[in-house]
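Working from the sequences, and respecting the hints, build out all of it.
Protein sequences, first through last, are from chains V and U. Mapping to the working numbering: the first sequence position 257 is 257, numbers consecutive. So the number in the working numbering is just where the residue sits in the second sequence, counting from 1, plus 824.
Simulated from the structure, these hints should not be mistaken for laboratory data. Any given hint could be a false lead.
[Claimed, not checked] Capping the alpha-carbon separation at 20 angstroms, the derived lysine to any residue pairs in SDA-like fashion look like this:
1) K993(U) <-> R953(U)
2) K368(V) <-> N908(U)
3) K6(V) <-> H971(U)
4) K368(V) <-> M907(U)
[Claimed, not checked] Taking CB as the label site, the calculated pair distances span:
5) F740(V) <-> D1043(U): 56 to 62 angstroms
6) Q914(U) <-> I391(V): 31 to 37 angstroms
7) Q914(U) <-> P309(V): 31 to 37 angstroms
What you are looking at is a predicted structure, and each value in this text was computed from that prediction instead of being measured. The beta-carbon is built from N, C-alpha and C at its ideal position, and this holds for glycine as well.
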Amino acid sequence: MSGQFKRQLRQSEFRLLFASILLAGIALGAVGIFGDRMEREMVNRTSAMLGADAQISSTRPLDDSYGLKAEELGLEVARSVNFMSMIINDRGSRLAGVRAVSSNYPLRGEIVLKGQGNLPEGQKTRSAPPVGSVWAASQLSKSLGLKFNSSVQLGDSVFKYQHEILLEPEGGAGMLRLAPRILMNLEDLGETGLINPASRARFRLMVAGDRDALSRFEAAIKPKLKEYESWRIADTRQQQVRNTVGRIVSFIRLAILLSVVLAVVAMALAAQGLWGKQANEVAILRCLGQQHRQTLKRLARSYLGAALPAALIGVLTGFGLQAVAGKLVEDATGIALPPASWMPGMIAVIICLLSLVAVMLPIMISVKQIPAISLLRSGQTDEIRKNRLAIYSILVFLILLTVFLARDLTLALSVLAGLVVATVLLWSCIRVLIVLANRYIAPKSSAWYLAVKAICSNGSRSAWIASTFAAIMFSLILLGLIRGEVFEAWEKSVPDTAPNLFLINIKESNTEPLKDMLVKSGVTKADMYAVIRGRIAKINDRDVASLDFKSAESRHRINHEFNFTELSDLPADNTVISGEWFSSDEPGLSIERETAQVLEVSAGDSLTLDVAGIFFTAPVTSIREVKWDNMQPNFYIIASPGVLGDAARNYISGVYVPQERGDLVYDINRQFPNVTAIDLGMLLERFRKLANQGSGAISVVFLFTFASALLVFIGMIQAQKPSRQREIALLKSMGASRKFIKNSIFTEFALTGFIAGSVACILAMLSSWLLARNLFELSFNIPWGALALYIFCGTLIVSVTGFLSIRNLLNELPVKLLSPGFVK
Amino acid sequence: MDKVNIPPEHVIAQTIRINKSVTMGPETINILNDVSLTIYGGTSASISGISGSGKTTLLGILAGLDLPSSGTVSLLGQTINDMNEDQRAQLRCGKVGFVFQSFHLLPNLTALENVSLALEVVPNSNQIRERSLAALEHVGLAARSRHLPSQMSGGEQQRVALARAIVTKPAILFADEPTGNLDYATSAQIEEMMFSLCKDFHSALVVVTHDKALAKRCDQHHVIEAGRLV
Ligand SMILES: Nc1ncnc2c1ncn2[C@@H]1O[C@H](COP(=O)(O)OP(=O)(O)OP(=O)(O)O)[C@@H](O)[C@H]1O
Ligand SMILES: [Mg+2]
Chain V
1 MSGQFKRQLR QSEFRLLFAS ILLAGIALGA VGIFGDRMER EMVNRTSAML GADAQISSTR
61 PLDDSYGLKA EELGLEVARS VNFMSMIIND RGSRLAGVRA VSSNYPLRGE IVLKGQGNLP
121 EGQKTRSAPP VGSVWAASQL SKSLGLKFNS SVQLGDSVFK YQHEILLEPE GGAGMLRLAP
181 RILMNLEDLG ETGLINPASR ARFRLMVAGD RDALSRFEAA IKPKLKEYES WRIADTRQQQ
241 VRNTVGRIVS FIRLAILLSV VLAVVAMALA AQGLWGKQAN EVAILRCLGQ QHRQTLKRLA
301 RSYLGAALPA ALIGVLTGFG LQAVAGKLVE DATGIALPPA SWMPGMIAVI ICLLSLVAVM
361 LPIMISVKQI PAISLLRSGQ TDEIRKNRLA IYSILVFLIL LTVFLARDLT LALSVLAGLV
421 VATVLLWSCI RVLIVLANRY IAPKSSAWYL AVKAICSNGS RSAWIASTFA AIMFSLILLG
481 LIRGEVFEAW EKSVPDTAPN LFLINIKESN TEPLKDMLVK SGVTKADMYA VIRGRIAKIN
541 DRDVASLDFK SAESRHRINH EFNFTELSDL PADNTVISGE WFSSDEPGLS IERETAQVLE
601 VSAGDSLTLD VAGIFFTAPV TSIREVKWDN MQPNFYIIAS PGVLGDAARN YISGVYVPQE
661 RGDLVYDINR QFPNVTAIDL GMLLERFRKL ANQGSGAISV VFLFTFASAL LVFIGMIQAQ
721 KPSRQREIAL LKSMGASRKF IKNSIFTEFA LTGFIAGSVA CILAMLSSWL LARNLFELSF
781 NIPWGALALY IFCGTLIVSV TGFLSIRNLL NELPVKLLSP GFVK
Chain U
825 MDKVNIPPEH VIAQTIRINK SVTMGPETIN ILNDVSLTIY GGTSASISGI SGSGKTTLLG
885 ILAGLDLPSS GTVSLLGQTI NDMNEDQRAQ LRCGKVGFVF QSFHLLPNLT ALENVSLALE
945 VVPNSNQIRE RSLAALEHVG LAARSRHLPS QMSGGEQQRV ALARAIVTKP AILFADEPTG
1005 NLDYATSAQI EEMMFSLCKD FHSALVVVTH DKALAKRCDQ HHVIEAGRLV
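In C-alpha cells:
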C-alpha cells in the first residue's frame, strides 16, 4: 500500500489531490474548531447574561418536579424569587426589586462587587450573599446611604448590608425592568414574611449543564409547562439573528461554509485532472488481464491511503493554527475561549473523506466504461474525463454539505445559489468574450492578442479558471461585505451617546424640574415617557377571559400587566409595518409586531385597556416593528395622546450623561428622592468591549477563509499546468521569446481575473444584499469604493499568483516540456 | 504460474468469418468483412495493409479486447464470443502480452515498477521483483530499472514495454506497430529482441506492421485491404 502511495505521489495531479484534502482538513479543522469555540463562547456570554443556560420562570411557586427532573439529568439547579418590596434603614425607605437566590446563584456569569475594605474593586463572585446578609445595587446603596455591616430591614427581618453590586446577571429581565436591586439568600425569604400565595412575585428555576442534558430537560418539561410558566434558553440558535450574538454566530458559520465549499471544489478539480491519467492506467491493467473488481480495489486503496493521512495531518495542522489564533485572541482581549472539543475535529476528518468519496466515486464507477481497446487508439480515454455524473455528484454533495454545515436553509441556499449563478454567469461571459474576440480581434503578433486567443481557444480551461476565481472572489467579497455590515450594525446599536442613565418612577409634577436640572448638567436630550400600568381587558369587546388563544404564551401575556404609554410621534427605531401612525386627534393604539401576533390582533381590531379599574377603549391603528436593542425606552402598546384620559401615570427617561458628570446621580437622588436612577454605564462599557472582542475574533476566522481560498486558487492553477506546458513548448518551438510568452500569460491571467472579479463583485453584492436583508436583518449600502478596490485586488492577486505558479515553466527547454512524463 | 504450453500446430487464436461494423449516426461502417485467420502456438504472424484498412481492429478482436459483430473468435482454446469483459480479462491474465505503438508505460512508475505491474495483476504471483529484473535484463535495461519513462528514450521505453509484455512468459504476444514511433536502427533492435524472446518463451507472436522486412520474418503473412484478407 505504501509502495502504491509512493508511486501515486509521483503524479502532480495526485499530489494536488493530496494537497487539497490536506487543505480542506486545515480549513475545516482551523475554522471549524475555532468557530465552534467562538460559538460556545457566545453561548456562554448569553448564559452569563441570563445567569444560567436556561430557566423556567413563573408567576407562581414552581412545582418540585422540575427541579428533580433537572437534577436527575445531571443539570445544576439554582432558584430565585423576585418581587418588589420596601427596603428600610435608619435614613429612610426605598422601593426595590428584591431577588432572593439560592446559594449557588449565578450558575453562569458572575456578580461584580464594588471594592470595600480589603475587597478589591470589581471582585467577581459566583455565589449568593450568605444567610443573614444582603447585597445591594449601587443606586440603592447610595440613595439609602448604606454602610458596610449596617442594618437593613426587609419585611419582618433585619439583614446586615454587606456589599455594593456593580453588575449582576440580568436574569432575563429587560434592561428597563432593572429596578434597583437587592440580593438576598433564598433561605432567609420565609422569615421576612414577604411572600404569600397572593403576592406578586416571579419564581425562577435556573439550570446549567451540557447541551445534551439541556435539550433532554427541555423536551421533558416543555409539555408540562402551565400557561403561567415560561421557558427560556440561552442558546444562540433560538435567538438566531435577533441579536448581535446570533449574527456573529451566523457569520462564523458562513465563513466555515465557504472555506469548505472552496476546498471541495479544489478536490474535484484535482480529481478530474488525476482521472485523465488514471483512465490510461485502468486500460493498461485491463489489457494485462485485471478484473474490474481488482482494479476498483486497487484505486480505492490508493486514494483512501492518501486521503486518510492527508485529512488527519490537515485537521491536526488546523487544530494547531486555531490554537495559535485562540492564544492571540486571548492575549489581545484577555478572553480565554472555551477549550477545543473533539467533535468539530472529527467532523472535519469525516467531511474530508466523504468529499473524496463524492469526488472519486462517480469516476470509479466509470472504470467499467474504460475499454481496453482504447490503448490501441488514442483519444478514447478523454471521453471519461468529461464525466457528467462526476459533476452532478459533486454538486449534490456540496448542497448536502452546505445544508449540514449551515444548519439554516436560507443561509445554505443563498450561498449555493450565489455560487451557481456566479458560475453560470461566468461561463456565459467567457462564451460571449470568445465569440466577440473571434469576430473582432484580428490576428497580430502581440502578447495581448495571444492572451485573448489563449482564453478563447481553451474555452473549458478558461471557464474553469474564471469560475473558480469568481467563486473564490465572490465568497471573500461576500464575507468581507457582511463582516463590515455586522460590525457597523453593532457599533450603531450602542452609539457613544447611548443612554447610560435611566430614570424611572418620575412623578408628573417632577418632570419639568427634573428636565431643567438635566439640561443644566449638559444632557442634551431628556425625553420623558409616560408609563401607565394596566391590563388588556377586552379584545373587540369580548372579555379576554372568554377568548381562546392558540398558544399558552398568549394567555401568559394577557394575564400580565403592560406598560402603556401615550405618544404623538413615532419613536425613532420604530417602523409601522401595517396600518398608519396616529395622524390627527383620532384615538388609536399602536402595537408591537410580536405582541400583536401573540394577542392575535391586527390593525382595525379594538382593545379595551384596564388601568386600575377604569376602562379605555380604542381601535388598533398600527402595528410596529421595534428595534429592541436600541437602548431606548420601548413600549409594546402605545396610545395616542388622550386615549388613557387621566389614568395614573409616572414617567421614565433614558439620558446620556457625559462622563465628567458622573456625579449627577447623587444630585438627582438628593433633589428627587423618589426618582429611581439606574446607572448603566458599566453595562454599556461591557457591551462595547464584547463588540471589540467579537470583531477581532471574526477577523481571525475571516483570515482562515482567505488563506484557504488563496491556496485552493493556487492548486487550481497547478491543475492547469500540463496544458500550459504544452502551449509554452509549442510557442517556444515556434520561436516566441521568453518575454513575449511571459507578457501574454500575465495578460491572460489579468484579463481573466478582471472579468471574474467584476462578475463576482456584482453577484456578491446582490447576495449580500439578500443576506443582509433576510438573514441578518440589516440595512445594506453599496460600498462602491470597496468594490473597485476588490476588483483591483482580485485582478492583481489572480495575475500575480497565477503567473508566479507557472513561471518555472518558462525556463525549461521546449524539448523537455514535450516529453510525456514531464510535469513540473 | 499455470503456464499453458500450447505446442506448435495447436491453434492458439482464431477468427472464423468475422465481421465488424460500427454505426455512426445514420451510417454503418463495415470495418472488417468475413475475416478468417488462425494463429498456431509458437509461430509468428504479421498483418499489414494501408492505413485505415482494419489492422488494429482485427488485432483487438484477436486479443479479446473487442468483440466482432458476427463470426466466432477463440483465444487460448476458448470461444470468447459469449464471455463478458471480466471473463475475457481473466483469460488474458498472465497469458497474453501486448506491445503498443505508443508504448503506454505509466509515467509515474519506474521501469521496474512498470514491468512488475504485469505480474501484480496475476493472482498469487511470486518473486515479482526478481522476475521483473530478469525481464529487464532480457531487454538490456537492468541498469535503468529505477528510471521513470520520462528519463528514457523512445526505444528504451519500448524495450521496457517489451519486458512488461514477456515477463509473464505469455502464450501469445500482440504487437501493434511496435516500431512505428522509432527510428530505423532502433526498430531493428526491438524487432530482433521481440522475435528472439518469443522464440525463447515459445510464445506465439502477432504483429501489425508496415515494415516489409519485419513481415517477411514471420511464419505467416497476412495483408488486409478495406477490411478483407487478401
Ligand atoms: N470506434 C470506431 N468508430 C468509427 N470508426 C472506427 C472505429 N474504430 C475504427 N474505425 C474505422 O475503422 C477503420 C479501420 O480502423 P483501424 O484502426 O483498424 O485501421 P488500421 O488499419 O489500424 O489503420 P492504421 O494503419 O492507420 O493504424 C478506419 O477507417 C477507422 O476510421
Ligand atoms: Mg492501427
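Subject >> Numbers of the earlier hints that this structure fails to satisfy, in rising order >> reply: none
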